[in-house]
Each structure stands twice: as C-alpha cells, then as structure tokens.
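Protein chains: 2
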Amino acid sequence: MQRRDFARTIAATAAAAALPVSRLAASPARRAAGVNGERLNGWLTAIGEFGKTPAGGVHRLAYSEADIAARAYTMQLMREARLDVSVDAAGNIFGKRAGRDAAAKPIIFGSHVDSVPDGGNYDGNVGTLAAIEVTRTLGERGTLTRHPLWVACWQNEEGGTWGSHLVTAETTTAERATVARSGKSIDEGIRLLGGDPARLSSARLRKGDVHGYLELHIEQGGNLDRQKLDIGVVEGIVGLRQWEVTIEGFANHAGTTPMNERRDAMLSAARFTEMVHRVVTSEPGRQVGTVGRMQAFPGAPNVVPGRVACTLELRDLDDRNIQRLYDTIVVEAKAIGERNGTTFAYHEFVTHESARCDDRVRALVADSAKALGFSTLSLPSGAGHDAQNLARVCPMGMIFIPSVGGISHSPREFSRAADITNGANVFLSALLAMDATAFG
Amino acid sequence: MQRRDFARTIAATAAAAALPVSRLAASPARRAAGVNGERLNGWLTAIGEFGKTPAGGVHRLAYSEADIAARAYTMQLMREARLDVSVDAAGNIFGKRAGRDAAAKPIIFGSHVDSVPDGGNYDGNVGTLAAIEVTRTLGERGTLTRHPLWVACWQNEEGGTWGSHLVTAETTTAERATVARSGKSIDEGIRLLGGDPARLSSARLRKGDVHGYLELHIEQGGNLDRQKLDIGVVEGIVGLRQWEVTIEGFANHAGTTPMNERRDAMLSAARFTEMVHRVVTSEPGRQVGTVGRMQAFPGAPNVVPGRVACTLELRDLDDRNIQRLYDTIVVEAKAIGERNGTTFAYHEFVTHESARCDDRVRALVADSAKALGFSTLSLPSGAGHDAQNLARVCPMGMIFIPSVGGISHSPREFSRAADITNGANVFLSALLAMDATAFG
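Protein chains in written order, with our numbering: chain A, 1 to 440; chain B, 1 to 440.
No copy labels: a pair is met if it fits in one copy or bridges any two.
Simulated pairs of lysine to any residue, SDA-like, Cα-Cα distance not exceeding 25 angstroms:
id : residue 1 : residue 2
1  : LYS52     : ARG307
2  : LYS370    : ASN41
3  : LYS334    : THR281
4  : LYS228    : PRO258
5  : LYS228    : GLU261
6  : LYS228    : ARG263
7  : LYS228    : ASN260
8  : LYS52     : ALA309
9  : LYS184    : GLN295
Hint data in this document are derived by calculation from the structure and do not stem from the laboratory.
The model shown is predicted, which means the values in this text are computed figures rather than measured ones.
Same shape as in the complex, but just chain A (with noise of 0.2 angstroms):
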C-alpha cells in the first residue's frame, strides 16, 4: 500500500470511530476527543498506588507483590472492557475481542506495568491502560474491528522485555535462569504469573501468525516537550546490550597497605566508569552508554575493595556501532587493569537488536494524527520496548506522548493527562486504520 492511500484510510476510521473528518481537520487537538480520558487518567492514578514510594514514583520489580497486584488491576480492567482475559505460558496478560472476520490475524496492541526500581508511573502503565480504553471505547460504540484484538500486558519489560521475548523467540532453560531484580529467576518469575515454563511453545507467535503490532508510550526523552509537539512517530528503536562486568583485585587493610602495592578494585572500576563516558562520547552521534550499577565488595570502609561489580550498558540505532564501542571499551579496560594487577570479565546478560518500525505502520500513525489535527515528530527510540520484539513476527509501530522535562525511570516522570488523551486518541485512530489496511 503506498502512502496516499492512507488518506481514504483515515477518513474510513474517522467515520468509524463516529467523528467527522471535517471535524476533525476543524477542531483544535485537544478537543479531538474519541477516547473517554478522564477514565483512563483516572485508572492511571489507581495503578500507581501499586508500589507507590514516598517520593510519588512507583516501585514494582517484575514478580514483586506491587506486580503482581497490578497485573490483578489490569485484568480487572480488561473484563470490564468485557474482553475475554487469559494469561499465556509465558505470563503474559491477553485481553482478547473477536473481531468480524474468524480468519483475521489479531492485532495486538499493549505495553507492560512492572517497572524499574524506584522508576515513575507513566513508563508501561500509560500504553497498558490507553491499550484497555480503546477497546472499551470501541465496546460502547459496538464497533466490531475486522481482525480480533488482544490487548498485551507483557511481564518483566524493565528487566529486558522478557514478555515478549519469551512469545517471540525461542529461549533456553539456562538463559531464563536469569535472576530478575526481584530475586526471582525467569522461570520462577513465569510460574508465579500464572504461566508455565514447560508449554512456553504454545505461547509463541510466530512470522504470519499477527496482523500488526501498535504499543503506545510516553517519550522517555525530552524531544516532543522542548518542542511542544504532540505526538511521536517511531522510526525504530535502538539496539541495547547489557554487560555484568566484574573487577578483580585484591582486598587488603586499608590502613596497612600502601598505595602503591595495592590492587584496589575500586579504583580500577572508578577509571573504567570514566572510560566508558569518555569512549562514547569522543565521537559525534546519539550512542550511549551507562554504568547504572555499581557495588564494590567487601564493602567495608575500612577495606581495599578487592571486587567490584558493575553493569555496562550500550545503545545505538546502529548494531555495529555498539559492537565497536564495546571493542573499544573492552580493549581500554585492559590497560586499566594492568596498571594496579586487576582484571576485568564480562557477561552479556541482555541483547536487543534495533529494531525498524514498518514504514507502512509509521505513515499510517503518522496521517492518524495528522487527521486529528495533532502536531508529530519522527523520532528513534532511544528505550527499549517490547514492540521491538514483535517486529520480528509482524509489521510493527509505535506511538510517544510527551514526557515533561524528558524525565524517566524516575519519580519525576511525568506526562500530562491531555496529552494521554491525545495519545490514545491518535491510538484509537490507528488502530482503526491499521484493521482496515491489507499488509501484502
């Protein structure tokens, strides 16, 4: 389908979601309601109580108590949407409605709700709950889309969208040995949601098997806000690796032993820290790279650190630019260790190729918003989603709100209430659009 198309698209979705194109082109954006936003910012306030934190964030590692009883409010969410709610081998969440046509594809559309340690209430939960009110909004309409739908709430997004993975993918029993942040392996983490290790394959998706992929998100950045726009078009998302890297010296009496014959883990990893923030940004471009964990053992004061644990992480819309970093990086961590007698190992524990959006799916959102009178920007996502993931099974895109002052993973994340609207309003739109658009 080429691009032009879409405008007869649009004006066919407009008119299914019961709003007059010429309305719509008229009305300011915010007025361009389809949505009931008051519910859905209403839902987004109940959810955050789940492992609220003093500070007004949210603290809920996938598998926690906080996760479980929010997924428990999600479900309740999707049966009063009235889909039909069922949680696969993998533990993953599915609203699912039927859809007119019962050999259409489903589409699936959602995002996660468990998030990083201390992290905000607007990273998962915004595209999660926006995913639910379409379909309610559809449901009060009785709008039947051609294709069934099923709303994804994907578990463990933030320790490396698991959820998804695990439906996309083959995994082994070694690899989800990995033990999330909540202490709790994948597998255990599987069978406390309600899924099953052993019947993970009755759970995959596989190339053919999904019509599209939409996932609706808050920016994570500061583009959209410093520019007042509206919405953001996804041109991909970037590639990630994560790396445990581990810092060996020598623990010793921090009092007894000189400074010239120690071999102070610490500092070797504090040099290594400095390193890697100087390698990534020697050179122009949007690479990044964090250390955003660090521990040094014993961990007395009192004591020479004779270990260090530290993570590494190195994102970039190029696959290989990572790789030459991680070279780069590897090579100059070498020569730090040789000067004090310490040595540095690594283990890749997390790795996410970039992932394109289908350009078919990006100018459908794209005219969605247009169509509603919206401002747009086409930008990379320098997160990761789980929509990356299902770009490896069927056309994919995604769709940003603003984030005030690009802050997240934090207490502070914030997007305003209008803006969540205006986001699953714009979702709404291209859903439509996209049950109605023939992938070839």
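Dock chain B against chain A, hints included.
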C-alpha cells in the same frame, strides 16, 4: 624509669617465668617457649569456625550470631583459664585475675573477636586468645602478679573500636545510634551482648584507673614478613577518619537521556575515587586514602544513577595531614560536581586521633623481645586498634607479629603458628615486666 633499668626487669621476668636468662639468650628464637603454643594455636583454629566463609576466612560482624558465638567461646576459654568472667555495661568481656596487691591498679590486655565482612581469622583473635593463654600459663605455674590482670575482649572493634571507646570516653545516645554493619545500632548491640547503655558510666575507665595496657596483634602490613623479622615494636597508631560521601545527581532513563544532558552521580563518584587516589599519592609519605564502599542508586543497568553512596577513609600518623588532604579532596570534588550538575555531601562517622605508644612500654616490649632472642622492628600501626583508646587512660604499648604477605582484612590473611607463639611469649614477658614496673 630509664631504659637501662629494663635489663634487670627482664632478668626478673625470665626468672618468674622459670626460664633462665642464659638459656634464653643462647637458644634460637623459636625454641624459647613459655606459653603453650600448641594450645593457643588450637584455640585459634577452633574460633575460626564461628562465621567461617567458603574461602576459609571469617565473616563475623559485630552483633551478628557468629560474633555472639565466638564471644561465648572466648568466655569459655577464660573460665578454663580460671578467670572471673564478666560483661561490662558497654558489652565488653573481661576475664579478671586477682593480683598480690589489693590496692594495685589492673593491667588490661587483650583484643577483639569481631571481623570485617569476609575477613580473616587472625585479626583480633590472635591477641585475644594469646592474652587468655598468657593468663592460663601464669595460672599453671602458680605465678601471681602484683597487679590484677584483666583480659579484655573489646566489642565491635572493626566498626570503629567501639568497645574500648565506650569505656574511655563520653558518648551520646545520638553517637550510639550509628548503625553497625550487622544492621544494629551500637546501643542495640550493647544490649544484645549483655551490656546496658543506661549504665555506661559504671564501665568507665579514667586516667589513673589502669596501670597499663598491652595488645598483641598481627601487623596487617608486610614490613615484618618482607624483612623476615620476628616482632614489631609499635611506635604509635595512625589517626583515622571516615566519611559517608553522598553524591546527588538526577536519575533518568539511560536510553533516552543524551550523554550531555545527564547529571550522572556515578560518573562523579568515579571521578571522585580517582581524584582521591591522585591527591593521596601526589606527595611523599605513608598517608593512605580509600574508597571502600560504593553503591549506585537506583542501581539498574538502564538507569543513569541519581545518587551514589560511598565512603572515604584517610589515615596518617599526623592528624593535621589528614585534615589537609580532606580539605583538598573537598575542593576538588566540588569542581567535579560542577562539571555535570552533581553535588557532594560528607558525613564524618569515625574519627580516631593518632595515638603514640608510651615510650616506657615500647622499651619494655623491645627489651622483652630481645631478651627472648627475637629480631625486632620499630614501626607505626597503619591500622586502628583498641589500644589507641586505652592510651587516653594509661601507658599503652603494642606488639606485632608478622602477617604473611602483609595480607589482612581478607580470607587470605595468615600468620604462622610459630610467630603467634613467639608473640605470646614476648607478650608474657612484657606483661610481667610491666607488672614489675612503677610508671611514674
């Protein structure tokens, strides 16, 4: 008393220990046994079971179950040595033995049995068990000293020589709210060990209350081992100050926050750590500076750290030098923080002024060692010890034995059985010399 008088004292001491001076002078160092070295080393092996780690070291944090078990074992050994065992209001264990002169002040000697996290089996244990062995030897020989003998097992030495501090200085409830590594406050620890914070004044030792203090300890450095010398005669104990350093930046998403918009607390912590190393090593001297504890928060691979908590420790024989280094570090850290919008805050939680050993006790230790045929080295202690607190109330001295490879605060900490026995023999001789000495 002048130094030349010690020859007579030593002769009297050797006689009391039923070892003719002529034989002592003629015999090789390692044959001049007065204590039961086999028994002493057996106890040392036995106490190593409490808090034993897979690496063969000891993890016996003050106020932990392992600490309490090792203290119970220590009290049992004291009873077997026919000492009167009591726990003072500060939670210190004393094993007391009456002297000939009811009016004479006690000689206190001993060490501790708590350890650093993942430490070794020699730090503290050697001195505590040698002190018990010395009294047991005296008991078996029917030797009655003039002064009462108090074997001390000080509580929570590794957390900042708390036990000896509590009996030699005023402390406030606020100070004692300090949380030890075991997670308990000092007051909670005191109660757990059978003391009573409300009755601390009953345990106070004041200037003039004590005849003298002696402590045997492993060197924890490599000087004796490297130079193949038997006994270290300690000149004094370096001053030590420890700070909690909190670095505040701003937590944000590691994928969506460009490198130049980050307020990365971990990057500042890394620059701080390297700067401390540079400042401390940029001038000649024996000063040391250590960043021993380090943790980034929230501590996820995909979040730019918004806060880092670490420790800074500085030690030197000259307290003014410590202050000068600290002042330089604070100024340089401020500049580091200004580079990326982060701030540094300091909370000093341990302060120990340097303490010189009493010259008369030093001479007495040196002469005892020489009379027993041992080679000696005068050296400062880079490590803090309970002895530094006792220096507030009485003449104090310390005896070091070699640490193989200078390794300490590590599972690989090791002292040879023969060196431990030698040290205990010098200790016995020095103790009797101190008993026979009238400090002016």
